[in-house]
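2 protein chains.
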Amino acid sequence: MRKGLVIVNTGNGKGKTTAALGVLLRAWGNGMRVVMLQFIKHTTARWGEIKAAEKMGIEMIPLGSGFTWKSKDLEKDKALARQGWEICKEKIQSGQYDLVILDELTYTLKYGWLPLDEVLQVLKNRPEGLHIIITGRDAPQELIDFADLVTEMRKVKHPYDQGIRAQLGIEY
Amino acid sequence: MRKGLVIVNTGNGKGKTTAALGVLLRAWGNGMRVVMLQFIKHTTARWGEIKAAEKMGIEMIPLGSGFTWKSKDLEKDKALARQGWEICKEKIQSGQYDLVILDELTYTLKYGWLPLDEVLQVLKNRPEGLHIIITGRDAPQELIDFADLVTEMRKVKHPYDQGIRAQLGIEY
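Sequences listed follow chains S and E, in order.
Those letters in the first sequence? Residues 56 to 227, by my numbering.
Those letters in the second sequence? Residues 56 to 227, by my numbering.
The hints are simulated quantities; they were obtained by calculation from the structure and are not laboratory data.
Don't take each hint at face value.
Chain copies aren't distinguished; within one or between two, either way the pair holds.
Here are the simulated DMTMM-like pairs of lysine to aspartate or glutamate, each with C-alpha atoms no more than 20 Å apart in a straight line [as the list claims (entries may be wrong)]:
1) K165 with D200
2) K131 with E159
3) K212 with D200
4) K210 with D200
5) K58 with D216
6) K58 with E226
Produce the entire structure from the sequences given, and follow the hints as far as they go.
The following block contains the structure:
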């Protein structure tokens with residue numbers, strides 16, 4: 056029984072994006088068609104996962120487009136989020152994928168850059184069997200209510216607290 | 056500043072193993088030397104991540120060896136865990152890796168198959184700069200105390216609760 060799941064990884068801990076990447080790897084291993092769209096991150100950044108995706112031939116699309124997120128210019132942020140969301144919608148509705156990851160989408164909802172109602176409608180009307188993973192802190196309750204699988208990544212202990220900086224290959 | 060981190064993904068929710076896989080992907084993307092050792096899982100299983108690892112040229116070693124875990128024969132389980140742990144130790148101490156993942160190791164501790172003290176000693180004496188990720192439910196407090204980064208994956212909502220079965224490419 057194939058059922059497309061809407062999966063949400065939220066919470067203040069590590070592992071929201073990496074758990075999505077792990078499912079991406081697993082799905083790709085099973086020959087599924089996958090794409091990851093990344094809000095917030097800049098196109099110029101050379102994140103480990105982007106380098107990996109290139110080697111694997113996986114589509115990974117940063118939606119930062121060289122703009123600065125959280126520019127304090129709400130209209131600019133909204134326009135950028137809207138532009139990114141149009142690409143997400145196109146990918147979701149294309150029927151070309153088995154798994155679409157919307158990385159850090161929750162921030163666009165939290166800051167009011169995208170209307171939640173529209174996002175939920177697009178999720179609801181997705182092609183049958185399509186899995187969608189959404190990551191980011193502070194997932195809105197309506198999204199949690201709508202989703203099939205929701206996990207909270209809760210911080211128990213973080214090296215920042217002990218003054219240890221982010222480590223290459225682990226956190227980026 | 057390179058510091059090898061000991062990372063623990065625990066809790067009753069999804070994402071413990073997949074978050075480790077995501078870090079594996081990221082580290083591999085950054086050209087790091089990685090290996091994943093999987094307790095509990097059988098060598099005969101064709102998990103998505105195993106197929107992916109083959110395609111990527113990543114070492115992923117199931118330690119089930121065809122035995123049945125949780126056989127209710129404690130001595131057999133202990134022997135199997137011990138045999139798997141010897142391979143883990145060899146990998147950790149080899150100096151050949153930047154990241155070693157010990158997937159579902161916590162169960163070997165929970166069921167008393169491996170002595171916690173010995174595991175902690177091996178972690179403590181690992182080569183400088185080596186990152187180790189340990190996954191599984193019910194991580195012992197001493198391991199949490201020792202680790203640098205600990206995340207609890209907490210179940211908020213799971214499709215099993217709604218009668219939806221595990222989905223290929225997502226959960227396996």
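Okay, the hints, checked on the actual structure:
With identical chains, the CA atoms of K165 and D200 are at most 20 Å apart within one copy only, with a shortest distance of 16 Å there and 34 Å across copies. For the homomeric pair K131 and E159, the shortest alpha-carbon distance inside one copy (18 Å) is at most 20 Å, but the shortest distance between copies (45 Å) is not. For a Cα distance limit of 20 Å, the shortest separation of K212 from D200 across copies, 9 Å, qualifies, whereas the shortest one inside one copy, 28 Å, does not. Taking the shortest alpha-carbon separations for K210 and D200, only the inter-copy value of 14 Å comes in at or below 20 Å, while the best intra-copy value is 23 Å.
Taking the shortest Cα distances, K58 and D216 sit within 20 Å of each other only across copies (15 Å), while inside one copy they are farther apart (41 Å). In the homo-oligomer, the alpha carbons of K58 and E226 lie at most 20 Å apart only across protomers (12 Å), although the nearest pairing inside one protomer, at 32 Å, exceeds that limit.
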